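Just need the whole structure built from these sequences, with the hints factored in.
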Amino acid sequence: MSAGAAAGAGRPSGPTRYFDHIGERRGPRSEIEPVCLYLETTNRCNLLCRTCPRTFEDLEPPADMSWDLFTSIVDQFPKIARVVLHGVGEPMMVRDLPRMIRYLKARGTYVLFNTNGTLLTRRKGKELINSGLDELRVSLDAAERDSFALVRGRDMFDRIVNNVRSFRALQRDEGCDTPRVSLWLTGLKETIAELPAFVRLAHEIGVPEIYLQRLVYFSEGQGLASERSALFEQLDGPEAKLIRNAEELAQSLGVAFNASGATEPGTSLTQQQDRQPWSPCRRPWTLMYFTAHGKALPCCIAPFSMRGYGAFTLGDATQQSLREIWNGARYQEFRRALLSDAPPEACARCGLRWSL
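Numbering (the numbering used here), first residue to last: 55 to 410.
Bear in mind the hints are in silico, worked out from the structure with no lab data behind them.
All figures in this text were calculated on a predicted structure; none of them were measured in a lab.
Glycine residues also receive a C-beta, built at the ideal position from the N, C-alpha and C atoms.
Mixed in with the good hints there might be a few duds.
Computed Cβ-Cβ distance ranges for the label pairs, DEER-style [what the hints assert, rightly or not]:
hint : residue 1 : residue 2 : range
1    : PRO292    : GLY382    : 45 to 53 angstroms
2    : ASN299    : ASP395    : 36 to 44 angstroms
3    : ASN100    : ALA310    : 25 to 33 angstroms
4    : ASP209    : THR175    : 15 to 23 angstroms
Calculated lysine-lysine pairs in the PhoX-like style (CA-CA distance at most 25 angstroms, straight line) [as the list claims (entries may be wrong)]:
hint : residue 1 : residue 2
5    : LYS159    : LYS178
6    : LYS159    : LYS133
7    : LYS180    : LYS159
8    : LYS349    : LYS133
Rendered as structure tokens:
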């Protein structure tokens, strides 16, 4: 799994405004609600990505989120604006995925998920189209077969490219613009040279937009998720030129080229001047993330930034209501710490490595 698009920088507004500064609360407790849910529909996966923590350690016992747990979470916020159906796992392995999407779309929710694309068959593609899915993000991470195997751990590049090409053809045949499809590439020293080829590949198979995603990694690193592979704050002249060339190529081909975190590609990898790089983050005021077993985590980035869930588990949806978790002591303290000089450990270095 590649962590999907993150919330944009800036303070939350409306019902999600919780703190303007330490100790100040806005609005009665009943008005404080998230606007986005991340639901880890499964923690199982059919790849062994060398940038993903689940490849190197057991995070939780393998499981799909049960239908009962899914509906119990969703029904507590029936007007939720946005739901992301991925976490540390491959969502298309979940039998109930189309049913989950339909359940959310029936209430007007915007629904998306990241996939590795290995299971995007014609039948499953039709199911996604018919479900009303709004957005499908394909984490491809390479433009060539060998580099894909290096990053993703299995030789499935050709299958994924053919799957995505066929899905876009199916959409054209059906006259359907949704789900909106994009290709994602995690920026690594090992693959950045392929960025222009990645743009050409997207154009060739009919994908209208690509994203460059920043690498997130533990301080000690695992596999390719380490400082030696990271581009952030380490762009040299040739690498920066590659990004500029890819931007120009994308523009000439009519492919939208963006970066995770609502930024443009070059900016997403340059140094942040803020001495508290975690401070612009507003995820704990805008979203809730639940694992396949119902653990509440601060965001989808946390599992990539430090080991073990114990230090940043904020509640349990099988034992507590979402409002009890959201307004509870753990969340309150997590928010206060994030606004201080001593942020939670999961966040202390995150701002250095991830687009806010």
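To see whether the hints hold, each was checked on the structure:
1. A C-beta distance of roughly 49 angstroms is found between PRO292 and GLY382, which places it inside the suggested range of 45 to 53 angstroms.
2. The hinted window of 36 to 44 angstroms between ASN299 and ASP395 holds, with their beta carbons roughly 40 angstroms apart.
3. For the pair ASN100 and ALA310, the supplied restraint of 25 to 33 angstroms holds, since their beta-carbon distance comes to about 29 angstroms.
4. The hinted window of 15 to 23 angstroms between ASP209 and THR175 holds, with their beta carbons roughly 19 angstroms apart.
5. Distance check on the hinted pair: LYS159 and LYS178 sit about 18 angstroms apart at the alpha-carbon level, within 25 angstroms; holds.
6. As the CA atoms of LYS159 and LYS133 are separated by approximately 11 angstroms, the hinted pair is consistent with the 25 angstroms bound.
7. This hinted pair checks out: LYS180 and LYS159 have alpha carbons roughly 16 angstroms apart, not beyond 25 angstroms.
8. With a C-alpha separation of about 22 angstroms, the suggested pairing of LYS349 with LYS133 holds against the 25 angstroms cut-off.
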